[in-house]
Amino acid sequence: MSARDAILNRLYQRRDGAISAPESDFSIVQAKQWSDEDKIDLFQQKIESVHAEVHRVSKDNWLDKLKELAQAKGLNNMLVPQQAQVGVDVRADWSEDGLPELLSYDQPIEGWKAELFSNVDGAVTDVRSAVAETGSLVLWPDNDQPRLMTLVPPIHFAILDAGQLKNTFHEVIVSGGWVQQGMPTNALLISGPSKTADIEQTLAYGVHGPKELIVLIRQ
Amino acid sequence: MSSIKLYPPKPEKVYFYGTCLVDMFYPDAGMAGIQLLEKQGIEVIFPQDQTCCGQPAYTSGYHDQAREVAAAQLGLFPGDYPIVLPSGSCAGMMREHYPELFAGHPEEAKAKEVAGRIYELTEFLMHVCHIKLEDKGEPIKVAMHTSCSARREMGLGEVGPALLGQLDNVELVEQARVKECCGFGGAFSVRHPEISEAMVTDKVEAIDATGANTLISSDCGCMMNITGAAEHMKKEFKGEHIASFLWRRCHES
Amino acid sequence: MSHNQPEKTAQSGVKEFHPRVHEAINNPQIRANFRKAMDGLMDKRQAAFPSDDELQGLRDLVAAIRLRALSKLPELLEKLEENLTANGVKVHWAENGDQACQIILDICQQKNAKSVIKGKSMVSEEMELNHYLEKHGIEALESDLGEYIVQLAEETPSHIIMPAIHKNTDEISDLMHDKTGTKKSRDVEYLTAEARQQLRKRFEKADVGVSGVNFAVAETGTLCLVENEGNGRLTTTVPPVHIAVTGIEKVVENLEDVAPLLSLLTRSATGQHITTYFNMISSPRKEGELDGPEEVHLVLVDSGRSNIYQDDELLDTLRCIRCGACMNHCPVYTRIGGHAYGYTYPGPIGKILMPHLAGLDDAKDLPSASSLCGACGEVCPVRIPIPKLLVRLREESVAGDSDHNNSSVKGRGSKRSTSESLIWKGWAKMHKSGGLYRTGTGAATVFRFLMPNKIGAWTKCRTAPKLAPSTLHQQVKARGKNGGEK
Chain A
244 MSARDAILNR LYQRRDGAIS APESDFSIVQ AKQWSDEDKI DLFQQKIESV HAEVHRVSKD
304 NWLDKLKELA QAKGLNNMLV PQQAQVGVDV RADWSEDGLP ELLSYDQPIE GWKAELFSNV
364 DGAVTDVRSA VAETGSLVLW PDNDQPRLMT LVPPIHFAIL DAGQLKNTFH EVIVSGGWVQ
424 QGMPTNALLI SGPSKTADIE QTLAYGVHGP KELIVLIRQ
Chain B
2 MSSIKLYPPK PEKVYFYGTC LVDMFYPDAG MAGIQLLEKQ GIEVIFPQDQ TCCGQPAYTS
62 GYHDQAREVA AAQLGLFPGD YPIVLPSGSC AGMMREHYPE LFAGHPEEAK AKEVAGRIYE
122 LTEFLMHVCH IKLEDKGEPI KVAMHTSCSA RREMGLGEVG PALLGQLDNV ELVEQARVKE
182 CCGFGGAFSV RHPEISEAMV TDKVEAIDAT GANTLISSDC GCMMNITGAA EHMKKEFKGE
242 HIASFLWRRC HES
Chain C
381 MSHNQPEKTA QSGVKEFHPR VHEAINNPQI RANFRKAMDG LMDKRQAAFP SDDELQGLRD
441 LVAAIRLRAL SKLPELLEKL EENLTANGVK VHWAENGDQA CQIILDICQQ KNAKSVIKGK
501 SMVSEEMELN HYLEKHGIEA LESDLGEYIV QLAEETPSHI IMPAIHKNTD EISDLMHDKT
561 GTKKSRDVEY LTAEARQQLR KRFEKADVGV SGVNFAVAET GTLCLVENEG NGRLTTTVPP
621 VHIAVTGIEK VVENLEDVAP LLSLLTRSAT GQHITTYFNM ISSPRKEGEL DGPEEVHLVL
681 VDSGRSNIYQ DDELLDTLRC IRCGACMNHC PVYTRIGGHA YGYTYPGPIG KILMPHLAGL
741 DDAKDLPSAS SLCGACGEVC PVRIPIPKLL VRLREESVAG DSDHNNSSVK GRGSKRSTSE
801 SLIWKGWAKM HKSGGLYRTG TGAATVFRFL MPNKIGAWTK CRTAPKLAPS TLHQQVKARG
861 KNGGEK
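Residue numbers (this note's numbering), protein chains in the order written: chain A, 244 to 462; chain B, 2 to 254; chain C, 381 to 866.
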């Protein structure tokens, strides 16, 4: 008998018989609701508490803020999506002197792994939604904004629209219809820059992923 | 747990279950408990055939033997009165574990019925008798160790300090890591003596650091452990069971 | 205590439990490191649950979710397999750690892999995967910083969440200096940055990534990983092959179940309201995608779990979500640290899990090494009644309850000794009769009954308790009221 069948047989023929389980009452999770304004405040408070940098911007001035930050951080270059609207907007208005060079993630990783790992300073992405309760960005990486884009470069700029904020992760999954849509290759929650406390519980950032996460909330 | 438990009105009579440690080592604490109850106008019945709740065998894994001994206790309380114990650990055994121990056995219903009448002494004084204590003693600084059974199994972490809080001349000081186990654990203390020693040594140091000269406990196992170690470590503070302490402060000073 | 043969353990192979405890307890560095770390972790957890109502409500929900998953375990495993397969993930089944190691080795060899990079996985520790791969000429490198440190030191993790918690900064600095040539430094940022550089190079060239799984979602065929560092994301994204390995109990039914599970896991573990990354993987790289592994495998490992599953009471063991809160709050763990236990999973969860994985005959000293203080059960996010299970395993090790004669616990009765059984039979005979008890109390104490040769252990650090001149029975009787009633 295969290991599979042997294991399943033992589980199906359980000695003490059927197990009864109580109802899973999600009301404690569903009860968490905040006003739109409070959601922004809570999101900001939570994500700042884990070392992210947050800037509240408007639909009109966000690009100026991004330019200012990109320059201030001293980036030589950064990855920007080609199809997502944030990428289109950046590319359409990025001509001033001193701005980092814009790069595209436009080939399979195998072709430029060493370069991505060593020579890319930052990345700009949009997000799918965000969670107020925990200060988390929700991303579904795709061909345009691949998985390593938000992981390998030392600085990640995430552009979030205030209207994308949900109360809880549970709400994101349920109201976002994740099950009905079918899950992507990879879905992600990002809450702050990469960190570790493995050396005597002392926090250090950027251990493997970005050292800085900068969120622009567009209101 | 205590916050949702519904307590009955004060009864005319109670059974008193002294527990084997009190019986052999701290009978004064048992007498004090009986007298505190009597002062509340309650008639206290002490069944002479009581021995041990069975916990030592139970926690050592000898459940057949624990059941034999526990079964002999079940018949000691024929009247419909509460059963009061001056120990959170033994009360926990009878209230929480008797129903499991007898599950599927002829005594199951009886075990559940008895379990439903079990009260730890300080719990009973506070929540059933609504005792009002009048302190007649000299000013004193004390620390309290609530047993893990009383705190976690019975949900009585607040009761001892609340009773001590009624005593005007008693200053209750809290030791560091007040909720941490003292390292007794019955057979644990002899099966794993080094771990137990490390735990009780830390507990004694923490109590000593408060400057309290008396350690109050509602469980004689913990008290025997802590005061035994304190004495060995030549510390100043003494131990006293909460029943003895309350009785002495309010009725003997 | 009646067994004189040297104890064989899963990891150390030589030393018995008590000598290991002796060593740890007398090591001031170990004592100080753990005390400081556990105090900090307890405070952080408490701060993460400002509302006790919310905490208790979430515990109810999450315990119910885990129990629901277990109530349908075989069905959910089949559904998980079906959905993962449809998503393009290959599912493998292993009866034990050796089989799981062999499966992983086979995949590596088919891919001609020379180097494996690993994300944190306790199951891979359980099956000693690194050792197995290295024996077959494949380098396995840990990438979680704590695991990396432990690997450099040629040790095993001392905590399931914080593997290197037994070391302080100086010790880690010296270790990294000796093994990797970094400068000695107390600057944690510097040490971390050095490790980043060292590991980045390895990620670039790794042929296979091996990770654990926190939750496997049957409904969608999704593997969820919880982490802070990003090494888990790198492990599961950069190498061309990703192999996830997990115990069969990690499956949950629905996608929505993971939301409260995640919330309670991170808060219970380290007091974080959430970790930096929650990484949900449902398939290998799809057509047109520019990164991610071409192949994803899941290895489901039993290793005694289906045996635990047979028993209604022991079943609760399988609810565990590996947060480590039980060890953070354990006064025994705090004193002896993780290595003294001698097994992959230390602390309270280890004491109720290892006897099944290794057998009670092997792990015979674990169930008794607890004062049953209940701190573990009080904080367990899935409400595993750990103290109750410890008592059950004590019973199993001495076969002390005839109700359990058909128990399936491996090594049942292995610690039973004729002399101790006789002592308890004598104890029962005396204590089930009020008359016999009353004549005997003056002569014998509970402790003498319990461990006739061990009372010395008590008095090594304590004065001996003194028997009172008269018992409570006698004093009550002497008062002459209500004392004679039977």
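Treat the hints as calculated values from the structure; they're not laboratory data. Glycine residues also receive a C-beta, built at the ideal position from the N, C-alpha and C atoms. A portion of the hints provided could be inaccurate.
Just the calculated beta-carbon pair ranges, DEER-fashion [stated by the list, open to error]:
| # | chain 1 | residue 1 | chain 2 | residue 2 | range |
| --- | --- | --- | --- | --- | --- |
| 1 | A | Gln424 | C | Arg796 | 34 to 42 angstroms |
| 2 | B | Ala104 | C | Glu462 | 19 to 27 angstroms |
| 3 | C | Lys416 | B | Gly80 | 48 to 56 angstroms |
| 4 | A | Ser338 | C | Lys416 | 50 to 58 angstroms |
| 5 | A | Val422 | B | Glu175 | 23 to 31 angstroms |
Okay, the hints, checked on the actual structure:
The given range of 34 to 42 angstroms is broken by Gln424/A and Arg796/C, whose C-beta atoms sit roughly 58 angstroms from each other. Evaluation of the 19 to 27 angstroms hint for Ala104/B and Glu462/C yields a failure: the beta carbon distance comes to about 39 angstroms. Hint check: Lys416/C to Gly80/B, Cβ distance near 54 angstroms, so the stated range 48 to 56 angstroms holds. The hinted window of 50 to 58 angstroms between Ser338/A and Lys416/C holds, with their beta carbons roughly 54 angstroms apart.
The given range of 23 to 31 angstroms is broken by Val422/A and Glu175/B, whose C-beta atoms sit roughly 50 angstroms from each other.
Comparing the model with each earlier hint shows violations of hints 1, 2, 5; every other hint is respected.
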